[in-house]
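S.K.: Below are the chains, spelled out letter by letter.
There are 2 protein chains.
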Amino acid sequence: MFGERLAQDAALIQRSFDTVLGALEPLDITRAMAWTTEGGKRLRGFLVLESARLHDVDEARAIWPATAIEALHAYSLVHDDLPCMDDDDLRRGRPTAHVKWDEGTAVLAGDALHSLAFELCTRPETGSAETRATLALTLAQAAGARGMVLGQALDIAAETAPEPLTLDQITQLQAGKTGALIEWSAAAGAVLAGADPAPLRQYARALGLAFQIADDILDVEGDAEKAGKRLQKDASAGKATFVSLLGLDAARTRARDLVDQACDALSPYGARAETLKEAARFVIAREN
Amino acid sequence: MFGERLAQDAALIQRSFDTVLGALEPLDITRAMAWTTEGGKRLRGFLVLESARLHDVDEARAIWPATAIEALHAYSLVHDDLPCMDDDDLRRGRPTAHVKWDEGTAVLAGDALHSLAFELCTRPETGSAETRATLALTLAQAAGARGMVLGQALDIAAETAPEPLTLDQITQLQAGKTGALIEWSAAAGAVLAGADPAPLRQYARALGLAFQIADDILDVEGDAEKAGKRLQKDASAGKATFVSLLGLDAARTRARDLVDQACDALSPYGARAETLKEAARFVIAREN
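If you read the protein sequences in the order shown, they are chains A and B.
Position 41, counted from 1, in the first sequence is what my numbering calls 41; the numbers after and before it change by one each time, with no gaps.
Position 64, counted from 1, in the second sequence is what my numbering calls 1064; the numbers after and before it change by one each time, with no gaps.
Bear in mind the hints are in silico, worked out from the structure with no lab data behind them.
Be careful, since some hints might not be right.
Examples of chain A residues lying across from chain B (beta carbon under 7 Å, computed) [what the hints assert, rightly or not]:
id : residue
1  : S16
2  : G40
3  : M85
4  : A145
5  : S267
Even for Gly, the Cβ is constructed at its ideal location relative to N, Cα and C.
Assemble the whole structure, with the sequences as input and the hints as a guide.
M.R.: As C-alpha cells, this is what we get:
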C-alpha cells in the first residue's frame, strides 16, 4: 500500500513540476531547476498528500503545498551540494547542478526554487486566505534561521568545534536540518483542513529523528550505488553521528522506538492512518 | 522632506531588524545576516512605508513588509556578490559577507534572509489573512524565475552571448533584475489598504527603469568612494548598458522622461504623493 502510494504521489508531484517549470523561459537556470527536482523519494510531498487524505482534503488543493515542499527541499539540496558547502558531485545517482552547469547557475536555480515554494503554497487553488497565509508563515519558519538553516549552520560550526557534539546537540541540529520540513509536511494536511495539527506534528518529530538515525546507519553500512550518493562521508570527516555516539545496535533500537512513538501519535486517526504508519516503518528499512 | 523621510524610514527598518535578528542564536550566519542588512539607502523599504502612508495604513503594520523587502534585497546582494556570481569584495563600503566570513556562510545567510522575508510579510501583525497571502504570493512572483532571478539569469547569459543585448532586451532584463522588487514595494501600501495598486505599479515601473539607467550612468561617471562599491565594471566587462546603447546624453534624457512619467502616474493621489515624487527625482540625482 505505502510503496505504491509513494510512487503514485511522486508521479503526481512530477506532473505538477512539469506544468509549473514548463511555463518558464528555457534557460540554464530553469533547466537546472527541473534537473534538481527530478527523482528522489518525495517523502515530504507524500506526507503532505497523505495527511491531506486523512482529512478528506481534495488532492487538487493539496498538490500545491506538496509541490512547494519538494521545491524547497530541492533548493536546500542544490545549495548543500555546492563546493563551498558539502561539495558533492553526485545526487540521486546523477551529477549535481553545479557540476552539470556551473556554480552560479546552481546558486540561482536554488534561489528560484526557494521563491517558487512560497508561490506554490500561496496559490489561490490551495485554499482560503487563512490557510495560505498560515502555510507560508509556517514554511518560512521551518526553512529559516530557527529551522532548517539553523540546523545547517550548527552542522558547519560542528566541523571546527574543539569537541564532538553530544547526543542532545545532534538531536537539536537534526530537528532543524531535516526535522523542520518533515514536520511542516505532515502538519500541512491538518492546516489545509483547518484541523488541529498536534498529533501529526508529534508523529513527524519522531519520524524525522528516526529518518536521520537511519541515514547515519546507511552512511556506515549502505551501498553507494543503491543510495545514489557518496557514503561514509561523516565517518571519514570524523563527525559525531547517532551511530558514532550510540553504536550501531543502540542506534537501531533507538530508531525502532521512535517509529513506535510515531505510530502511537497517530492513534486518534485509527485505521485511516495505516499508510502513514507504514511510511514510518519504511524510513528505517530503506536502502537509499 | 524626502531626504529626512528616507533616513527616518531606514532607522525604523534598522530597529525592526535589530529586534528580529537579535532574537536568533548568535552564530556566524546570524551575524552575517545582520551585517548584510546594515547600511544602504533602504529605498525599497521606504517605498513600502510611504505608499502605506498614502493610504493611511498604520506604520505598525507596514513595517513588516518594509523589513521583508529589505531582507529579500539583502539576500539577493549577498548571493550576487559571491565569487561564482559578480565576485565583489566591497558592498556599501564594507567587506562582503563571503570575504568577512566564508562562502558557505554567505550562501546560508542569504538563504535565511530569503525565508525571513516571507516570514515577516505573513506575520499576523501585517493585516488580514487575505493581505498576508497576497503579499507573500506577489513577493514570490517578483523574486522568482519570472522576476528578479530571471533578470539575473538573463544578465549571466548575456556575458557569453555572441551579440551584445539590444535596448529591448536590456529593458526586459532590468525589469526583472531590479524592477520587480521596486514594483512590489510601491504596490505594497495599496495591498495593505485593500486599494487598487495600478497607479503605484505604473509609478514603480518608470521609477525602476530610471533607477537602473542612473546606475549605468553612475557606473561610468561615479566616484567609487562615494558609491561604496567597485565602478566601471560593466564597461570593462564589455557589457551592453543603457549608456553604451544610448550614449550618456540620451541616457540622461531618457531617465528624466521616465521620472516625469513616474510623477504623472501619481496624479490620482494629488499633493499627498509629493514625497514619492521627490523620491523619483532623487534616484537620478544620487551619487551612490
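S.K.: Work down the list of hints and note, for each, if the structure agrees.
M.R.: So, going through the hints one by one against the coordinates:
no.: 1; hint: S16; result: violated (16 Å)
no.: 2; hint: G40; result: violated (20 Å)
no.: 3; hint: M85; result: holds (5 Å)
no.: 4; hint: A145; result: holds (4 Å)
no.: 5; hint: S267; result: violated (32 Å)
Hint compliance for this structure: hints 1, 2, 5 are not met, and every other hint is.
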